Every structure is written in C-alpha cells, then in structure tokens.
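*Asks:* One-letter residues, chain by chain:
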Amino acid sequence: MGVDRRKFLKLAGVSAALGLGGTAGFQLLKPGSLDAAERMPTPYQMVFPSEQGNSDVTPNPERLKGRRWGMLIDMRKLTPAKAQAAIEACNYYHNVPKIPGKQEIKWIWTAPYPNVFPETENRWADPDIKNAQFITMCNHCNNPPCVRVCPTKATFQREDGVVMMDMHRCIGCRFCMAGCPYGSRSFNFRDPRPFIKKEYPLYPTRTKGVVEKCTFCTERLAVGKLPYCSEASGGAMVFGDVDDAGSELRQLLRKRYSIRRKPNLGTDPQVYYLV
Amino acid sequence: MLEKALSGSKLYWTWLIALLVVVGAGFGAYLVQYNKGLMITGMSRDVSWGFYIAQFTFLVGVAASAVMLVLPYYLHHYKTFGRITILGEFLAIASVIMCILFITVDLGKPSRILNVMIHPTPNSILFWDMIVLNGYLIINLVAGWVTLESERKNVPPPGWIKFVIYLSIPWAVSIHTVTAFLYAGLPGRGFWLTAIMAPRFLASAFAAGPAVLILLGYLVKKLTRFDAGREAFETLAKIVCYAIILHIFFFLLEVFTVAYSAIPSHTSHLQYLYFGLHGHSMLVPWVWTALACGLTAIVLLVNPRTRQNPTILPIACVLVFICTWIDKGMAMISGGFVPNPLHEITEYSPTGLELMITIGVYAAGMLVLTILYKVALGVKAEEEAV
Numbered sequence: 001m002g003v004d005r006r007k008f009l010k011l012a013g014v015s016a017a018l019g020l021g022g023t024a025g026f027q028l029l030k031p032g033s034l035d036a037a038e039r040m041p042t043p044y045q046m047v048f049p050s051e052q053g054n055s056d057v058t059p060n061p062e063r064l065k066g067r068r069w070g071m072l073i074d075m076r077k078l079t080p081a082k083a084q085a086a087i088e089a090c091n092y093y094h095n096v097p098k099i100p101g102k103q104e105i106k107w108i109w110t111a112p113y114p115n116v117f118p119e120t121e122n123r124w125a126d127p128d129i130k131n132a133q134f135i136t137m138c139n140h141c142n143n144p145p146c147v148r149v150c151p152t153k154a155t156f157q158r159e160d161g162v163v164m165m166d167m168h169r170c171i172g173c174r175f176c177m178a179g180c181p182y183g184s185r186s187f188n189f190r191d192p193r194p195f196i197k198k199e200y201p202l203y204p205t206r207t208k209g210v211v212e213k214c215t216f217c218t219e220r221l222a223v224g225k226l227p228y229c230s231e232a233s234g235g236a237m238v239f240g241d242v243d244d245a246g247s248e249l250r251q252l253l254r255k256r257y258s259i260r261r262k263p264n265l266g267t268d269p270q271v272y273y274l275v
Numbered sequence: 001m002l003e004k005a006l007s008g009s010k011l012y013w014t015w016l017i018a019l020l021v022v023v024g025a026g027f028g029a030y031l032v033q034y035n036k037g038l039m040i041t042g043m044s045r046d047v048s049w050g051f052y053i054a055q056f057t058f059l060v061g062v063a064a065s066a067v068m069l070v071l072p073y074y075l076h077h078y079k080t081f082g083r084i085t086i087l088g089e090f091l092a093i094a095s096v097i098m099c100i101l102f103i104t105v106d107l108g109k110p111s112r113i114l115n116v117m118i119h120p121t122p123n124s125i126l127f128w129d130m131i132v133l134n135g136y137l138i139i140n141l142v143a144g145w146v147t148l149e150s151e152r153k154n155v156p157p158p159g160w161i162k163f164v165i166y167l168s169i170p171w172a173v174s175i176h177t178v179t180a181f182l183y184a185g186l187p188g189r190g191f192w193l194t195a196i197m198a199p200r201f202l203a204s205a206f207a208a209g210p211a212v213l214i215l216l217g218y219l220v221k222k223l224t225r226f227d228a229g230r231e232a233f234e235t236l237a238k239i240v241c242y243a244i245i246l247h248i249f250f251f252l253l254e255v256f257t258v259a260y261s262a263i264p265s266h267t268s269h270l271q272y273l274y275f276g277l278h279g280h281s282m283l284v285p286w287v288w289t290a291l292a293c294g295l296t297a298i299v300l301l302v303n304p305r306t307r308q309n310p311t312i313l314p315i316a317c318v319l320v321f322i323c324t325w326i327d328k329g330m331a332m333i334s335g336g337f338v339p340n341p342l343h344e345i346t347e348y349s350p351t352g353l354e355l356m357i358t359i360g361v362y363a364a365g366m367l368v369l370t371i372l373y374k375v376a377l378g379v380k381a382e383e384e385a386v
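Those protein sequence lines, which keep their order, are chains L and D.
Residues 1 to 275, numbered by full-length UniProt numbering, are exactly what the first sequence covers, in order.
Residues 1 to 386, numbered by full-length UniProt numbering, are exactly what the second sequence covers, in order.
Keep in mind the hints are simulated off the structure, nothing from the lab.
Honestly, I wouldn't trust all of these hints.
Claimed, not checked - Cross-link-like lysine-lysine pairs, in silico, PhoX-like; alpha carbons within 20 Å at most:
1) L:102 <-> D:36
2) L:106 <-> L:208
3) D:4 <-> D:153
4) L:77 <-> L:255
5) L:130 <-> L:77
6) D:36 <-> L:208
7) D:79 <-> D:4
8) L:106 <-> L:82
9) L:98 <-> D:36
Please read these numbers as outputs of a predicted model, since none were measured by experiment.
Using the sequences plus the hints, can you model the full thing?
*Replies:* So, in structure tokens, the structure goes:
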C-alpha cells in the first residue's frame with residue numbers, strides 16, 4: 001500500500017491546517033464579509049442559513065459595491081414616456097421576448113395603482129397618484145418566498161440581496177410563480193427566441209421551460225454601471241444601497257414619504273415608491 | 001406472482017390493449033408538449049399550475065386513503081377488511097404512480113428532474129413531497145407484495161413487515177399533509193393561506209379514496225368471483241359518509257372565516273368560484289355541481305336504508321367522487337390563482353392536448369391497477385380453491 005497510517009494522519013493534519021488557514025486568510029483579505037455577518041439575519045435566514053458563495057472568484061474592482069441593493073421609483077418624476085424608455089431599455093438589453101397573450105414574459109411593466117397596491121386603495125387619493133401607471137418589477141425581497149420554495153436552488157439570493165435565477169438549473173416547476181406575491185415571474189411556455197425582435201448579442205437568450213425575471217442588471221453592477229431602467233428613466237428610478245445611510249436613495253427615503261407593495265406579508269420588498 | 005397477470009380472459013386482454021392505446025395517444029400528445037413546451041396547455045403567466053397539478057393533488061388523496069383500510073385492519077385487528085386491504089394498498093400504488101407522472105408532465109424541463117435530488121433543498125416543500133411520495137410508493141409496494149406472497153405460500157408474513165405496515169399509517173397522512181403544505185404556506189395567495197388546508201385535503205381524500213374502492217369492489221365482484229363481503233362494503237360506506245360530512249363541514253368553516261372577516265384578498269377567490277368576479281364565472285356551474293353532489297351524497301349515506309342498498313350505494317359513491325374531484329381536480333388550483341396577486345383575472349381551462357395527456361396518465365394508472373388487481377385476485381382465487 002502506498003499510504004500507511006502514519007503518512008495518512010500527517011496528510012490529514014496538514015490539510016486541516018491549510019483549510020483553517022485558508023478561511024482565516026479569506027477573512028483578512030475580505031473584511032467586508034465580517035461586516036456582512038453583522039447584519040441582522042432575516043427570519044428566513046435564521047431558519048435556513050443561505051449557502052456561502054464561491055470564494056475562489058476575484059471580483060471586478062470596477063464593480064458597484066453595495067450591501068443591499070434597492071430601487072426607488074419617484075412617482076412625481078415618472079412620466080409615461082420615462083416609464084416606457086425604462087421598459088424598452090430593459091427588454092432590449094435582456095432579450096425579453098414580446099409574446100402576445102396570457103403566456104407573455106414580463107420583467108418590468110406598468111400597472112394602475114389599484115393593481116400594484118391592492119387593498120391599499122384610497123378612493124379619495126390625489127388623482128395624479130390614483131390614475132398614474134406604476135412601474136412594477138421584481139422586488140428583490142429581503143425575505144424572498146420564491147427562494148424559499150425553489151426545490152433546486154435555481155432561484156437564490158446573493159449576499160447583496162439580489163434575487164437571481166440559474167437558468168441552467170431551473171426544472172420549470174413554477175413553484176416560485178405560485179410563491180411570488182407580486183406576480184413578478186414569467187415562465188417560458190414556448191421557445192422565446194422567435195419573439196425577440198432584435199437580439200442583443202451580449203446577453204444570453206433563454207430556452208423554453210424555465211422561469212425568468214428582473215435581475216437588477218447584475219451584469220451591469222459587475223462592471224460598475226447602473227441598471228438599464230434606472231439609467232433610461234431620467235432620474236425617476238434611483239438605484240442604490242439601502243444599507244448605506246449616505247446613498248442618494250436613503251436621502252430621498254428620509255425626505256419623502258414612500259410606500260412598498262404588500263409590506264404586511266413580511267417579504268421586505270426592496271422597491272420603494274415615492275408618492 | 002407477476003405471471004398471474006399473463007393469463008386472462010378475452011375481456012381482460014381487450015381491456016389491457018384498450019388502455020395501452022389510450023396511453024399511447026397520451027404519450028403522443030406529450031411528445032407534442034415536449035417539443036413545443038407547455039404553451040400547448042391552457043396555463044398562463046397568472047394561472048401557472050393547471051390540470052396536471054390538480055389531478056396530482058386529487059390522486060395523492062386517493063393514495064393516502066389506503067390508510068382507511070390498513071389502520072382498522074392492522075391496528076384494530078378489524079378482520080372484515082382482511083380481504084380488501086390489499087386492494088386498498090394496490091390502489092395506493094397506482095395512484096402514487098399517477099401522481100409522479102403528473103408532476104413529471106408538468107415540468108418545463110423534465111430532463112432536469114434529478115436536480116431535485118442532486119441539489120436537495122430542505123426549505124422547499126416540493127423536496128419533501130418527492131421524499132414522501134416515493135417513500136409511500138416503496139412502502140406500499142413492499143407491504144402489499146410481501147403480505148400477498150406469504151398469503152400465497154400459506155405462511156405467516158415475516159415479522160419485519162409489521163414495521164413497514166405501521167410506518168405506512170403516519171406516512172399516508174404525511175403525503176397529503178405535505179401536498180397541502182405546497183399551497184398552504186404561500187404569502188399573497190389568500191385562498192390557500194389557511195391552516196385547515198391539510199385536514200380539508202385529508203377529509204376529501206378519505207371520502208374519495210374509499211368511494212373509489214367501493215366502486216372497484218362492485219366491479220371486481222361483477223367481473224370475478226371475488227367478493228369483499230357485505231360488511232366490508234358497509235364499513236367503507238360509513239367511512240365515506242363521515243369523511244364527506246367532514247369535507248363539507250371544513251368547507252363551511254373556510255366560508256365563515258373568509259366571509260365574516262371580509263378581507264378582500266381572501267373573499268375574492270371564493271367569490272370568483274361561487275358567484276363569479278367582474279364578469280368571469282367559468283367555474284361557477286362546476287363548484288355548485290360539486291356542492292350539490294356532496295350534499296346529496298350525505299343524505300344518501302347518512303340514511304342506513306339507502307346506504308345499505310346495493311344499488312343506491314354506488315350512486316352515492318359516484319356523487320362523492322364527482323364532488324371531491326371537482327373540488328380538488330378543478331377548483332382548488334384555479335381558485336388559488338384567480339384573481340392574481342395584482343387582482344387581475346385570467347381564467348384557465350385545459351386544452352385538448354392537455355386533456356389527452358391527462359387521460360393518458362389516468363390510463364397508465366389504470367393499467368398498473370388492473371395488473372396489480374389481477375395478481376391479487378389470482379392469489380385470492382387460488383387460495384380459496386385449495
């Protein structure tokens with residue numbers, strides 16, 4: 001035999017020491033991870049501690065750094081034209097197909113106030129608000145039910161709060177669609193490719209049989225850019241770090257009254273509406 | 001023992017071939033779905049689960065109801081069920097197989113189904129549903145087969161099988177409880193967000209399953225010389241009676257909570273189902289039919305004279321079946337999705353291809369059931385001939 005008992009124990013000891021050293025070194029090199037650990041875990045995270053990400057990857061130094069991303073939609077600034085521009089930018093750059101009928105794909109869209117905020121309807125509210133078309137999208141909840149119900153971890157939450165989809169792992173059970181209380185997920189009932197008018201070559205297209213949704217443009221955050229909708233909205237959609245008291249988003253939230261969708265469900269949505 | 005399925009009358013073989021033809025047609029329809037995607041179904045962005053998942057939910061109940069025979073027979077030594085317990089267990093096997101098939105045909109990416117095992121996710125109820133369904137299938141296969149084999153060899157069953165049989169009792173409850181949890185824990189779906197979802201499921205299951213078994217018992221009696229016995233039918237009929245009463249009672253509890261609290265996100269679903277909402281009322285005639293069938297069945301089953309009448313009892317069982325099937329196989333799923341979280345209404349009805357696939361799965365289940373029953377009844381006949 002090549003390995004005797006003594007050799008094996010030595011090897012095991014060395015690998016254990018290396019393993020420990022690796023973890024400690026990682027903590028020294030990436031102090032942010034300690035700060036992140038100090039965050040109050042959500043009830044969901046307390047019950048099901050999320051899996052750690054892959055630490056072998058060196059992040060792009062140009063990336064936008066945030067502890068918890070959020071979006072703020074200023075309804076005083078959001079004109080129908082701006083909303084349209086934001087939606088079109090998102091759809092084009094993410095190859096979101098335009099499928100007619102009830103099997104459509106929607107990442108970001110507009111809907112009237114009583115639909116976006118059912119049960120919070122106020123008959124006597126300011127008509128400007130009451131009749132406005134609200135932008136709606138994935139809320140990237142702090143406590144996302146879609147992540148909770150997914151049987152393959154195809155839907156998962158990143159450390160910065162963004163709720164993501166792994167298109168190559170999704171089995172198309174659509175449990176996440178039943179779980180989402182905001183109707184923010186779409187399923188590819190058919191091959192979406194023939195329904196993409198002009199393909200944007202730098203972003204992947206999807207296949208039939210998987211669920212998809214808004215991703216807060218993680219591909220843009222990774223290279224230091226803001227989400228497409230925010231960029232195209234002419235200042236009506238402010239993207240930022242909700243954990244950073246100095247961020248523009250937090251300053252706006254402090255100054256003006258904001259509402260969120262179905263806060264009573266405890267999902268802690270990270271899309272805020274200034275009304 | 002399986003060789004018993006290889007010899008049979010002309011009727012038996014005609015029936016098997018007819019079932020195979022239907023399975024083949026269903027498989028053909030599935031190939032279309034496999035190619036084109038779930039676009040061939042009536043499902044939509046708003047009603048993202050449809051007929052397949054509804055049938056799965058209904059059949060989990062039929063499978064779980066085997067416990068209504070196993071429990072009195074093995075736990076209370078109720079000897080009357082001795083002759084038909086095996087039929088209950090084999091019905092459970094066929095039902096679970098149909099459940100698994102329905103889940104499979106509902107997947108957008110069926111080739112990735114093993115991801116559920118490769119990436120086990122304990123926080124997903126679907127993961128647990130896979131565990132309990134497959135576990136229940138194995139438990140019933142082992143328990144049914146081993147007891148039948150020992151019966152055939154005229155030896156007492158091995159001691160360890162007792163453990164498996166006792167395990168099957170809580171396990172039967174678990175499959176329907178876990179299936180109820182698939183729906184019951186979702187925020188923002190007022191129709192499903194109720195703690196009595198699991199008891200409701202179990203009540204309707206213990207009505208539907210034994211009702212099916214009574215009907216099968218009558219059929220078997222007509223086709224073969226096997227008779228489960230008058231008393232067994234009567235006890236089963238009482239079980240159906242209590243269960244269908246509980247089913248309706250639980251429904252009324254839901255109605256009270258929802259209607260008296262008057263919270264729109266909870267009332268709107270019942271309103272949609274029973275009266276229609278904003279001009280959409282596709283399911284209204286169905287749900288009222290279900291309610292009428294359930295109430296009529298209660299009248300027929302509570303009264304001992306009608307319950308014991310061999311012509312009226314099967315009619316009552318058919319009514320129970322219709323009631324519970326509409327309730328779970330149609331209304332339970334659509335009712336939860338309509339209206340959607342944005343309070344928009346998209347109605348759902350299955351397409352022709354979707355129905356063909358559904359019928360194909362049912363035919364596959366009947367094929368399994370026929371073969372298993374052929375084996376079981378063959379053993380019983382052999383034993384009686386000795």
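*Asks:* Need the status of pair residue 98 (chain L), residue 36 (chain D): alpha-carbon distance at most 20 Å?
*Replies:* 17 Å, holds
*Asks:* CA of residue 106 (chain L) to CA of residue 82 (chain L), is that 20 Å or under?
*Replies:* Answer holds: residue 106 (chain L) to residue 82 (chain L) is near 18 Å, not above 20 Å.
*Asks:* Is the straight-line distance between the alpha-carbon of residue 102 (chain L) and that of residue 36 (chain D) 20 Å or less?
*Replies:* OK: residue 102 (chain L) and residue 36 (chain D) at ~16 Å, within 20 Å.
*Asks:* Residue 36 (chain D) and residue 208 (chain L) were given as a pair; does the straight-line alpha-carbon distance stay at or below 20 Å?
*Replies:* Within the cut-off at roughly 8 Å; holds.
*Asks:* Going straight from one Cα to the other, do residue 130 (chain L) and residue 77 (chain L) come out at no more than 20 Å?
*Replies:* Distance of about 15 Å is within 20 Å: holds.
*Asks:* For the pair supplied as a hint, residue 106 (chain L) and residue 208 (chain L), confirm whether the alpha-carbon distance does not exceed 20 Å.
*Replies:* Holds, at about 15 Å.
*Asks:* Would the pair residue 4 (chain D) and residue 153 (chain D) pass a check requiring their Cα atoms to be no farther apart than 20 Å?
*Replies:* At roughly 14 Å apart (the allowed maximum being 20 Å), residue 153 (chain D) and residue 4 (chain D) satisfy the hint.
*Asks:* Run the distance test for residue 77 (chain L) versus residue 255 (chain L): straight-line Cα separation, threshold 20 Å.
*Replies:* 15 Å, holds
*Asks:* When you check the alpha-carbon spacing of residue 79 (chain D) and residue 4 (chain D), does it fall within 20 Å?
*Replies:* 26 Å, violated
Checked against the numbered hints above, the structure breaks only hint 7 and satisfies the rest.
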